[in-house]
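> Listed here are the chains, written in short residue letters.
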Amino acid sequence: MTVPGPMTSGPAAGGASLAGKRRARPARTWPSFRWVAIAVIMVGWFVYYPIVDNFIVSTTNQDIYTGEVEYVGLDNYARLLDDPVVWTSLRNNVLYAVISVLFQVFGAFLLAAIIEGLQDERWQRFWRAVYFVPSAISITVTGLLFYFIYQPKSGLLDAALVALGLGEFVRPWLGSEHTAIYAIIAMSQWQGFGYSTLLFALAIQKIPRELYDAAILDGAGPLRRLWNITFPMTREMTGLMIIVTITGAFQVFNEVMVMTAGGPNNSSQVLGTWLYQQGFIQNDFGYGAAIAAVIFVVTLLTGIAQLWYTRRRRVQL
Amino acid sequence: MSAPAISRPAGEVDVWAVIARTFLLALLVCLGIVVLYPLVWMALNGFKDNSLIFGDPFALPTRWNWANYAQAWNRGVRDYVAVSLLVTVASGVCTVLISAWTAFGLTRSRMPMKPAVVGYVLGALMLSPTVALIPLVKMLQSLGLYNTYWALIILYTAFRVPFTTFLIRAYMLDLPRDLDEAATMDGAGERQIFWRIIMPLCRPIIVSCVILHVLFAWNEYLFAMIFTSGANMQTLPVGLTSIMAKHGTNYAVVFAAMTISALPIVVIFFAAQRYFIRGLAEGIGK
Numbered sequence: 001m002t003v004p005g006p007m008t009s010g011p012a013a014g015g016a017s018l019a020g021k022r023r024a025r026p027a028r029t030w031p032s033f034r035w036v037a038i039a040v041i042m043v044g045w046f047v048y049y050p051i052v053d054n055f056i057v058s059t060t061n062q063d064i065y066t067g068e069v070e071y072v073g074l075d076n077y078a079r080l081l082d083d084p085v086v087w088t089s090l091r092n093n094v095l096y097a098v099i100s101v102l103f104q105v106f107g108a109f110l111l112a113a114i115i116e117g118l119q120d121e122r123w124q125r126f127w128r129a130v131y132f133v134p135s136a137i138s139i140t141v142t143g144l145l146f147y148f149i150y151q152p153k154s155g156l157l158d159a160a161l162v163a164l165g166l167g168e169f170v171r172p173w174l175g176s177e178h179t180a181i182y183a184i185i186a187m188s189q190w191q192g193f194g195y196s197t198l199l200f201a202l203a204i205q206k207i208p209r210e211l212y213d214a215a216i217l218d219g220a221g222p223l224r225r226l227w228n229i230t231f232p233m234t235r236e237m238t239g240l241m242i243i244v245t246i247t248g249a250f251q252v253f254n255e256v257m258v259m260t261a262g263g264p265n266n267s268s269q270v271l272g273t274w275l276y277q278q279g280f281i282q283n284d285f286g287y288g289a290a291i292a293a294v295i296f297v298v299t300l301l302t303g304i305a306q307l308w309y310t311r312r313r314r315v316q317l
Numbered sequence: 001m002s003a004p005a006i007s008r009p010a011g012e013v014d015v016w017a018v019i020a021r022t023f024l025l026a027l028l029v030c031l032g033i034v035v036l037y038p039l040v041w042m043a044l045n046g047f048k049d050n051s052l053i054f055g056d057p058f059a060l061p062t063r064w065n066w067a068n069y070a071q072a073w074n075r076g077v078r079d080y081v082a083v084s085l086l087v088t089v090a091s092g093v094c095t096v097l098i099s100a101w102t103a104f105g106l107t108r109s110r111m112p113m114k115p116a117v118v119g120y121v122l123g124a125l126m127l128s129p130t131v132a133l134i135p136l137v138k139m140l141q142s143l144g145l146y147n148t149y150w151a152l153i154i155l156y157t158a159f160r161v162p163f164t165t166f167l168i169r170a171y172m173l174d175l176p177r178d179l180d181e182a183a184t185m186d187g188a189g190e191r192q193i194f195w196r197i198i199m200p201l202c203r204p205i206i207v208s209c210v211i212l213h214v215l216f217a218w219n220e221y222l223f224a225m226i227f228t229s230g231a232n233m234q235t236l237p238v239g240l241t242s243i244m245a246k247h248g249t250n251y252a253v254v255f256a257a258m259t260i261s262a263l264p265i266v267v268i269f270f271a272a273q274r275y276f277i278r279g280l281a282e283g284i285g286k
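Chains as they are written, first to last, in the working numbering: chain V, 1 to 317; chain Z, 1 to 286.
FYI, nobody ran anything at the bench for these hints, they're computed from the structure. The reader is advised that the hints may include incorrect statements.
Stated by the list, open to error - Output of the computed footprint for chain Z on chain V, the stretches with three or more beta carbons under 8 angstroms from beta carbons of chain Z:
(1) 49 to 63
(2) 82 to 88
(3) 153 to 163
(4) 175 to 187
(5) 190 to 201
(6) 253 to 259
Unchecked claim - If you anchor each label on the Cβ, the simulated ranges turn out as follows:
(7) Val-162/V to Ala-26/Z: 21 to 27 angstroms
(8) Asp-174/Z to Pro-152/V: 36 to 42 angstroms
(9) Ala-305/V to Ala-245/Z: 37 to 43 angstroms
What the hints assert, rightly or not - Output of the computed footprint for chain V on chain Z, the stretches with three or more beta carbons under 8 angstroms from beta carbons of chain V:
(10) 31 to 38
(11) 80 to 89
(12) 154 to 161
(13) 202 to 209
(14) 259 to 265
Virtual Cβ for every residue (Gly too), placed ideally from N, Cα, C.
Work out the full structure: start from the sequences and follow the hints.
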């Protein structure tokens, strides 16, 4: 989910051992387990179990009206390989990931460096806040807003192009198979770059000032300082943001659903919307679950990368 | 804080630096316009009538016509806001309470198997709601919770507890341990330590968690769309798409409804920016 996903990241373990080392603690007691009992049950029931169940459902064909369940083994996965829309969706997810990494990681990094380079702290705060505003707004609102912006004739984009003398570029942005997914991705960048800019700005603020002072004494210009100090000193944030952004790109759903629902002619489908289309519009739970399994595998890989990354970082510190 | 990346040392005058600085400022301003203008356009369109919206996208409204806003509010937005408020508040209270308990158990209680439970709860951060969708529909249908507020309250809580626990746990780990030890000496039980000592100290991170949860729940679309149907069950994000379907030809009303639904969260963001940013920063990098 990309809603300005403050829902990211997580190194595991490590808390308990800290306490143990300091001094002998009273014996462990089971009654204290009650503090975590509700979370353990809820997470197991509503987060972990459905993932397991998803794999079971994906090996069946289910008739949701009669309730009949037929075991079909890996048939649904074989269907995936032959489904051209699955490949379109994958391609669109990859496009989403690549473009988002360019704008929301590297673009946001540069923007954050520019903002943090301003002399006046109030202006720094002002720009960070301005760029963040779209991230606070629901995707339904921004999706609908851009649906209107991309409208032929009455839309803001075409009107702006005409006003700038670029009338030849006017087109039905969401109505064309060639541009729909790019129009959606563009909206997503508009909404998301302020969030990552804010995070990069916070990372840049943690860099010790002395490094810059020393570089200035050595005669290093702004670009050299950017490349030799700011970039390496925020490398961890950059790595983390790349992973988080890729994860988000494979979970994309809302933007596409609100703006095109995958159309025209399935050209803007992503895995999430194709899962919805198959599972809930066609009522084909088994096949939908197989698509979900693909999303699961990809996000599990990026999740492991993230865990590995945060662990490694801890060791370095 | 003095300029790290871009600025030059004082006293040095360089034509290129001035040009670069001007260019960068222009870039910031242009980007600011690209970000804010569509939002202003949205709010202004709520005051226009259809002919003006279709006629000239750049036109300013001729008068402050609140009728569209009133119409949007009365034709559904009021109900959607009520549902969104209910779901947001209920799931927020549950999420923060359960997460605080869990974080306390994981950092300061004498419970066994802490590392395993930490891995279990935080590992859930890696699982996305999309993947669980089909099994969850089957499960909530068989529990009879489909199309109830409970469906959203339970799911928002279950999927947000790992992240919120992660934030609160990181904060609790940094609190001095002597506090609990002193309290234990004085004969306080774990429950008293939690409510009387730890929770008051955790207030800043709790506020951050509440705000991040409000942002999440107010804007959530996937679960809300799948698990509720019918006008009196829909939250704002889903309701907006219904308004679009029903009044799609009356653009002005749709714009007014969009503006009403975006406004509270923008106001909350600016009012509580400090807590907001703390939460985001801790969430990504601790």
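> Would you mind marking each hint as holding or not holding in the structure?
Status of the hints after comparison with the structure:
Interface restraint, the stretch 49 to 63 of chain V with chain Z: holds (6 residues with C-beta to C-beta distance below 8 angstroms; minimum three). Counting residues of the stretch 82 to 88 of chain V whose beta-carbon sits less than 8 angstroms from any beta-carbon of chain Z gives 0, not enough to reach three: the coverage restraint is violated. With a threshold of 8 angstroms between beta carbons, the proposed coverage of the stretch 153 to 163 of chain V by chain Z holds, since 6 of its residues qualify and at least three are required. With 0 residues having a Cβ less than 8 angstroms from any Cβ of chain Z, the stretch 175 to 187 of chain V misses the three-residue criterion, and the hint is violated.
Judged by the Cβ-Cβ criterion of 8 angstroms, the stretch 190 to 201 of chain V is covered by chain Z as claimed, because 5 of its residues qualify and three suffice. Using a Cβ-Cβ cut-off of 8 angstroms, 4 residues of the stretch 253 to 259 of chain V lie near chain Z, which meets the minimum of three, so the contact claim holds. Judged by the Cβ atoms, the range 21 to 27 angstroms given for Val-162/V and Ala-26/Z holds: they are separated by roughly 24 angstroms. For Asp-174/Z and Pro-152/V, the Cβ-Cβ distance of about 55 angstroms falls outside the hinted range of 36 to 42 angstroms, so the restraint is violated.
The hinted window of 37 to 43 angstroms between Ala-305/V and Ala-245/Z holds, with their beta carbons roughly 40 angstroms apart. Proximity of the stretch 31 to 38 of chain Z to chain V, defined as three or more residues with a beta carbon under 8 angstroms from a beta carbon of that chain, is established by the 6 residues found. Coverage of a stretch by a chain is defined here by at least three residues with a beta carbon nearer than 8 angstroms to that chain's beta carbons; for the stretch 80 to 89 of chain Z and chain V the count is 0, and the condition is violated. Coverage of the stretch 154 to 161 of chain Z by chain V holds [criterion: at least 3 residues with CB-CB distance below 8 angstroms; count 7].
Coverage of the stretch 202 to 209 of chain Z by chain V is violated in this model, with 0 residues showing a Cβ closer than 8 angstroms to a Cβ of that chain against a need of three. With 3 residues having a beta carbon nearer than 8 angstroms to a beta carbon of chain V, the stretch 259 to 265 of chain Z meets the requirement of three or more and the stated coverage holds.
Of the numbered hints given earlier, the model fails hints 2, 4, 8, 11 and 13; all others are met.
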